[in-house]
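Peer 1: Sequence:
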Amino acid sequence: MRNETALGLAEARGPWARVLRFVLYTALFMVFAGPLLALMIGAFTPTVDPTQFTLLPDRLSLDNLERAIDRNVLDYLLNSFVVVGGGLALQVLVSVFAGYALARKRFRGSAAVLVLILATMMLPEEVLAVPLSVLLADLPVLHVSLVGSLVGMIVPVAAWGFSILVMTEFMKEIPKELEESARLDGAGEFRVFWQVVLPLCRPALGVIGIFGFTMIWDQYMLPLLVATDPAQYTLPLALRSLRSDDQVGIGVLLMGAFLAMLPSVLAFLALQRSFIRGLTSGAVKG
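By my numbering, the letter at position 186 of the sequence shown is numbered 208, and the numbering carries on one by one without gaps.
Warning: the hint list may mix true and false statements.
Label-pair distances were calculated between CB atoms; the ranges are [unchecked claim]:
{"no.": "1", "residue 1": "T236", "residue 2": "E148", "range": "52 to 60 Å"}
{"no.": "2", "residue 1": "I272", "residue 2": "L222", "range": "44 to 52 Å"}
{"no.": "3", "residue 1": "F54", "residue 2": "P252", "range": "28 to 36 Å"}
{"no.": "4", "residue 1": "V45", "residue 2": "I91", "range": "39 to 47 Å"}
{"no.": "5", "residue 1": "I272", "residue 2": "A133", "range": "45 to 53 Å"}
{"no.": "6", "residue 1": "V149", "residue 2": "A292", "range": "43 to 51 Å"}
{"no.": "7", "residue 1": "D85", "residue 2": "A253", "range": "21 to 29 Å"}
In case anyone wonders, no lab produced these hints; they're calculated from the structure.
Think of the CB as a built atom: it goes at the ideal place given N, C-alpha and C, for glycine as much as any other residue.
Could you put together the complete structure from these sequences and hints?
Peer 2: Structure below.
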């Protein structure tokens, strides 16, 4: 007996087909989940030998966590939280206001503005490194340097083309009738935005929240340009520094990597419902 799958392919049944699927799924699981399992187990294994690594260690302990704390990993983690908290708050604020203006207002040059915003997504970080470092060293008009401060890592991530694009396209799908009805009831511009448009954008907020969090959390080039002292390092940058220290063992690095991964996983689990609704809403409307 054969069934049609979502891809239109026939799914064969029978003992050999089940064995083949089991082998295929096991292989896929090991490819995607294997490195993650190795990271988690290595982080809690007292003595990690890269040449004899095993997925079934004799015992687990928090020794690597204690050694990581001695290496100021928690301070680096706190720096990362400050940067991602401030950067994500600004990014959401900029995205919803920019998306509202581009999606709900008509003004000359709006298409060109959106194209310019999208163009910023095409440029690799390496290309922007030099002009960004010059701007951060001497902000135009204000003539203030943000180099050597966490603020210098927050301001550049406040506007992200992807988040603005998601909010713009999502707000375009909100019926104009809702906005017109609110205006007939005497609602002003801010009330229309706050009480009518923004509550309907919660799925999109979940999407930009997850992607924005991950983008800022994984930043490596920006902290490298801004930080002038190891005390200002974020966790991803600190891991690179710890890796070059011969006194730091592989277990401490794995624990640092585990701590760096954990917030992204928790953020996804917290926002997964909004994330999935945001990704599928376009298909439902289509």
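Peer 1: With reference to the structure, classify each hint as holding or not holding.
Peer 2: Right, here's what the structure says about each hint:
For T236 paired with E148, a C-beta distance near 20 Å fails the hint of 52 to 60 Å. Checked against the hint of 44 to 52 Å, the C-beta distance between I272 and L222 comes to roughly 49 Å, which is consistent with it. At about 34 Å, the CB distance of F54 to P252 agrees with the hint of 28 to 36 Å. Checked against the given bound of 39 to 47 Å, the beta carbons of V45 and I91, roughly 42 Å apart, stay inside it.
Between I272 and A133 the C-beta distance comes to about 52 Å, which sits within the given range of 45 to 53 Å. Taken as a hint, the range 43 to 51 Å is violated for the pair V149 and A292, whose Cβ atoms sit roughly 34 Å apart. At about 25 Å, the CB distance of D85 to A253 agrees with the hint of 21 to 29 Å.
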